[in-house]
Amino acid sequence: MAQRKGSDPQVLESVYSVIALVLVLFACVELCDGATVVDVYRLIQYDISGVPFGSRLAGLNHHAGSLHFPPGSDLSRTVLIIPLRELNISFVKEYISQRQPLGGLLFLLPQTFSFGNEDDKGSNRQDHGHYQMKNVIAELEQLLIHSNIPYPVYFAFEDDDIEAVLADIKKNDATGQPATATTGGYKLVISVPEPRKIVSPTITNIQGWLPGLKADGDNHLPTIAIVASYDTFGAAPALSVGSDSNGSGVVALLEIARLFSLLYSNPKTRAKYNILFGLTSGGPYNYNGTHKWLRSFDQRLRESIDYAICLNSIGSWDNDLWIHVSKPPENAYVKQIFEGFSNVAVELGLKVGLKHKKINISNPRVAWEHEQFSRLRVTAATLSELSVAPELLESTGGLVDSRHFVNETAIMRSVKLVSESLARHIYGYQGKNIEIFADNSSLAVNPFYIRSWLEFLSRTPRVTPFLSKNDPFVMALKKELEEHTDEVSVQHEVLDGMFTFYDSSRAKLNVYQVASVTFDLLLLLVLGSYLIVLFSFLVITTRGLDDLISLFRRPPSRKVKTA
Amino acid sequence: MTVFHFFNCAILTFGPHAVYYSATPLSEYDTLGTSVKAALVYLGTALVKLVCLATFLKVSETDSFDPYQELLKALIGFIDVAGLYFALTQLTHRNISQNHKFQAVGLGWAFADSVLHRLAPLWVGARGLEFTWDYILQGLEANANLVLSISLAALGSLMWLRKNKPKTLIPIIYACAGVVATMPSITSYLRRGLGWHFPKVVGFELFTSLVMAFISWQLFSACQSQRSS
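Protein sequences, first through last, are from chains E and P.
Just so you know, numbering that gives the first Met the number 0 puts 273 at position 274 of the first sequence, and the rest follows in order with no gaps.
Just so you know, numbering that gives the first Met the number 0 puts 94 at position 95 of the second sequence, and the rest follows in order with no gaps.
Incorrect hints may appear among the rest.
[To be verified] Sample of chain E residues lacking proximity to chain P, with all beta carbon distances greater than 12 Å (derived): (1) Gly102; (2) Gly128; (3) Pro210; (4) Asn318.
[Unchecked claim] Here are some, though not all, of the chain E residues that point toward chain P, as calculated from beta-carbon distances under 7 Å: (5) Leu523; (6) Leu526; (7) Val538.
Quick caveat, the hints were computed from the structure, so don't treat them as lab data.
A virtual CB, placed ideally from N, CA and C, is assigned to each residue, including glycine.
Just need the whole structure built from these sequences, with the hints factored in.
As structure tokens, then:
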């Protein structure tokens, strides 16, 4: 024993060094290495006049489950992974409407909807399956947007990693063992801070002018406005690229601006009309940006507007376009616009219909952009492929509105229709069969320009509250408009108070394969018995080697001690 | 739960060393000092080895098996043997028998190896949420390494400390020592040259370590009986 005491300082020293080593390691090691890391996009979280909607949580740390869970199992600590290919909408509806407890939801979108997906672009394959899925997803999106969901909801794109995980989970579920804390499986972890309110989201309107040729003494030229709202709203703000609504309108507006800037650059072909181009924001929120934009005009300017053409969702129609107006069709101005359009449409082989929808001033809902003009007594019409007015937050460029479903030729035909009828109006060629923007001429609609802008818009999420004041996208739009028009100005306004948004729209999902507690307990048991066996074995063998008598005398007493 | 797993793996990795120390007569004769000294020698040897590896070895971008580089690595691996020789012969130990001396040295050697090579990955990896078998296998590997280290120390003590050994056994002793000393290179070859997976490699290591331990035990007892007779 005296000898043992003597060696204590040495022991302590070695222990200290080990402790120091451990501390150093602890300091430099961070614990975040998941087997699989997936980009996920959170369901939007927002309030309308204080009423909460969308997913109210962001952080996630639960086991994964599939739709094949055993009936009656408790899912309050399970994240259901639902691939949209096998989505059972009634199940989701039931779960959300009955407010059943869930740990979370993870929807897997097909790669088709990914804006990074380069396949089948421009081929416009009329794939029946895709269109069917589009409808289902659109229904799901409306459901999610309009409900208050007390758990995190995320979207991700299908890929091999997550498919493999899902296959494993399904196998697990099929055997009747749902993944909970005691049986192991996969754990999904998203560590993000609590979502915070976005303080006073800004809306940014961009306008540009093509000034007409002033005759002597005449200071007030009439103005024609071409307007398109560029922002989107969807279930996942980081995925709301809105190729059709209203990317197509923005593309068409830019192309029209380009065509008329060619005409207006030459004084001989400059008409006696000003053309005003407006890219407005806040479209999904009752065209709040358009409202602010028009309010900022002075009375004289507003009165000088002959009429305004709003472009909305003109990228995926076959043969029918609609002109929506708020004034009765008998109105002279409306008649004039409609006739101008329908004449050109006949020549182009399209059909244009007129839809009249009265505005109800007391109703805050503004379904079409031109209604904001009409409310200020400015004649306006919306050109759209939609035949009926969309509800609030419907057709605003959500999940399904991807590049895949947009047809470039449709946009080109719309551009031609608008610019041709506009040109006939401003140059006074009404009713005459003159093709100004003929194909193969220098004024032809440029398909490459349209395609490149459509591609760009189709990969840029544009939900206004998540766009900063000087967002690169807004700057790009401004710069492009500056290329074609003069006096480009940017107007920043605050989005009206009805809507409140919360941040954290994208995150990283870590998928961990975890062992269960029972496994660890079992392992501990096995290890313990292994060490005991080893101990007994060593005592029997070595002490025997050392001293023959101790081999027979000591092991029993030792064994009792360890057991 | 993950700390639990870390705990389990740590038990598997370091437990056998402690058990070995407390179960064998090493604890009774208080040979901890020897073990600690051996561990310090191991640290020094590892440093020298590191310097040599850094000096003579090219950094291979690929994970392929390059025979020349591996040969060099094996040669550098023999620095281990030199370190062990130093630990066994040059260190002045308290008055302990050769029997205990080699065990204490082997134990310290293996423990230092485990701490140096396995503690850090264990700390980093086993506490994460992700479950893999790797750390359990690594613990088993540590066990195999303990057995191999003690075998090597036993053979070393036979070679360098035992004067009167039977002449017929000497080549066998040297051959066995050679095999045990080149074990790291052999496993490296299996893993990278033949593309064996980790579980298979660990199984092989466990198996060979037991075989080598059995052989060296037989050799040791043969020498022992020869001396006692």
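A quick look at each hint next to the structure:
| no. | hint | in the structure |
| --- | --- | --- |
| 1 | Gly102 | holds (16 Å) |
| 2 | Gly128 | holds (36 Å) |
| 3 | Pro210 | holds (63 Å) |
| 4 | Asn318 | holds (55 Å) |
| 5 | Leu523 | holds (6 Å) |
| 6 | Leu526 | holds (5 Å) |
| 7 | Val538 | holds (5 Å) |
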